[in-house]
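Work out the full structure: start from the sequences and follow the hints.
Going down the list, the sequences are from chains A and B. Every position in the first sequence, counted from 1, becomes a number in this note's numbering once 10 is added. Every position in the second sequence, counted from 1, becomes a number in this note's numbering once 1 is added.
Honestly, the hints are just simulated from the structure, not real lab data. Values in this document were obtained by computation on a predicted structure and should not be read as measured data. Don't be surprised by glycine CBs; every beta carbon is placed ideally from N, CA and C. One or more of the hints may lead you astray.
One-sided and incomplete, this derived list gives chain A residues near chain B with beta-carbon spacing under 8 Å [to be verified]: (1) ALA16; (2) PRO102; (3) GLY114; (4) GLN124; (5) CYS137; (6) ASN169; (7) LEU170.
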Amino acid sequence: MALTQAQRERAYRTLALARALDERMWRLTRAGRAHFAVPCSGHEAIGAGYGLAMKRGVDWLAPHYRDLAALLALGMPARDVMLCFFSRPSDPNAAGRQPYAHFGSRSLHVLSQQGPQPNHCTHGVGCAWGSKLLGDGSVTVIAFGDGGAQKGEVHEAMNLAAIHALPCVFVVHRNGWTQSVERALEYATETLVERAAGYGMPGIAVDGSDVEAVHAAASEAFARARAGGGPTLIDAACVRFMPNTSNDDDTRYRDRAEVEAARAACDPLVRARALVDAAFAARVDAESAAVAEEAAEWAEAQPLGDPATVLEHAYA
Amino acid sequence: MSGGSAMRELTVIEAVREALAFELERDERVMILGEDVGRLGGVFRATDGLFARFGGRRVVDMPMAETSIAGVAVGLAMRGMRPVAEIQFADFIHASMDHLVGEAAKIRWRTGGDWTCPMVLRTAYGGGFRGGPYHSQSVEAYYAHAPGLKVVAPSTPADAKGLLIAAIRDPDPVLVLEHKRTYRAIRGDVPEGEYVVPIGKARVARDGRDATVLAYGMMLHESLAAAETLAAEGIDVEVVDLRTLLPLDRATILASLEKTRRLCVVHEDTVTMGLGAELCAIAAEAGVLDVPPVRVAMPDIPGIPVDDVLEDAVLPNRATIREALVRLVDRMPSGNARAAEAFDPAIPQASSVIDVAIPEEHLRMAVDALAEAARAHPSCNATFSWSGIAQHPDVVVDLDLGPSSPAGARGTITLVDYGKDGSDLAIPFVRPGQTAAVRIGAVRGGRAYVACAVDHRAVDGAEVGRFLATFKSALERRAAPEAVRAR
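Set out below in structure tokens:
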């Protein structure tokens, strides 16, 4: 089902702001002003696709670490993103205790994210199980990379969700790279969608650069989950435009021509531009850059931690 | 402790089951998940009857996948449920460790209190029933090292109920370690209905004044049995049931040690980096011990052997605990006279031997000769410390004439002479506070060997030789007229 024009504009705003924040964070780490960036460029349409299809304040997200666009779609302000990026104690995600991309917000229904991938997949299944037991009609999105999908954690999570027909949607951001390791050394199939059948759940393969296509796949999966039809696996193919993180050097293992060709062929932002008016897109791009810059300046100026507080919150 | 009305005698497993049923009844959010917890009622029957009573939505048989049992419990807890997960044997818990230590323990802290993880994970640990290396382990040290987690280890039926109820109601993740041998072997009074034992409080299980045993699980009961035996032998041992291993109840532990001044830790877990190491460190840092502590624990082997004799040989028991306590109570406080005469292995010794011509009766002249040699070589009449070597202005000879007449402890140098009953040649040891000791061997045909040992940090090897040569000439000069007459 195609998006309405208003939805398309909202989707474009989400993608554009995610990209602007992403580029700003990358430049700031290169300038030595922050510790760590995790780019989401190339992945934005996936997070925005399901993020905009979720019911805000009802549905839950166990996020992938490249899920900035989903966070924005669920309502996280740019300033909070930058507090997370600068790891300030006032960051609502991780209180200055975890580096950037360890998202989490109780008020936005985003489960706290950890370091080791993909431990949050069983947490997401537990969350969905809670929804079913509480009977509140909510759905949990469980997002992870195709690298993470190789761990037993995801097998256990999908198996249990299928057994109990839990209201959740597994989304694999399949960019074909696990940091520096190519797809062929991570899994022997071309895609991961065929795994769904092995667990007895429907699988949907989708172009992860196409925000409308992701939104449509997510909406179908949410409807099934809400109707008691259990989980779905969405295989969302995409291209990672940037190194794994700011600590990575992808020139050691990746062909520049391949990256540039992919960027030209399937940039989700460029593709979404075709959905909206050119003048609107230009205005949003400019606004997004300004918002990202303002948020960064503001967040960087927020106070660093007080050593007296480091012992707090070990226990209730 | 709160609540409690009529008492009945229950086993530990019955008390666990009662706590689970009570909480399932009280709070809709409480649910049980684990392997075989449904129709079977758990391999130890902790959940016997609960599936029939509360249904498959709340008492859930999980796939045989320990990672997700813990991971899903984390997610349920974050979502607002009160999951009580069971890992069948503690030996299988390591597949859950990432979620316990890496996730559950950190969630409150890593989000500045935004998210919490009020989950419980119960597991059966401990040996003594021929389970072998994968059904007998004690795992507490791994998890008691994880701030953010709470770890409880009940030993009695009342605590099994009260601590489990406290764990289920706790706002933070709690690991409940149940010793599987206590399940049916230990019976005791348990209050009916509401009964909560606070987490973080130890209990003095037996009052005593001569030494303190810190123990938990089955070892609590073995320690109490050892204490009863020792009471008949006139040794009065206090036994503290730790009950909570993280966070430790330092106040109760230190109050007991301030009274008894002697510590024995008992656990089934292996000794190195075990809980005993931390408990000894707490006592040492607080300065409450008069003598070094003892640990009774499993030796450092990778697993518990299944063979009857071998398992019994490696697990602590009431006999090995009693033995350790006898040793502990016999230990002399450091700093007194008997301790000062003890051999100190920290002193690196150098030694030398020389042959002298002396009569059988030579003690008087030997003492005088030693004093003369010590004055000539002051480094041999000194006290070593890392801040410097103190040479003594006077020579005071400590005489060691054998077991019936041991040396005093006030001297600056030691002379050992066992007379004709002694061996021909033996190297003496340098006693703490001194730098040299000289031993005269048995006299054979007018000659004897004289051996000298020195603290090598204060006296170098060449100096020992010169010191001995001085002693020999001083001694033979005094002995010569008699020696000549003897010829």
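Fill in: Given hint A/LEU170 near chain B, where the shortest CB pair must fall under 8 Å
Nearest chain B Cβ about 6 Å off; hint holds.
Worksheet item: Does the nearest C-beta of chain B fall within a distance shorter than 8 Å of the C-beta of A/GLN124?
Response: holds (6 Å)
Discussion item. Quick check on A/CYS137 please, does its C-beta sit within 8 Å of some C-beta on chain B?
Written reply: holds (4 Å)
Discussion item. Hint A/PRO102 vs chain B: min CB-CB distance below 8 Å?
Written reply: Holds - the Cβ of A/PRO102 comes within 8 Å of chain B, reaching about 7 Å at its closest.
Item to complete: With chain B as the partner, please determine if A/ASN169 meets the hint condition of a C-beta pair closer than 8 Å.
Response: holds (6 Å)
Worksheet item: Once the shortest beta carbon distance from A/ALA16 to chain B is found, is it less than 8 Å?
Response: violated (32 Å)
Discussion item. Let's test the interface hint: is any C-beta of chain B closer than 8 Å to that of A/GLY114?
Written reply: OK, holds: A/GLY114 within 8 Å of chain B, min 5 Å.
The structure fails hint 1 only (numbered hints given earlier).
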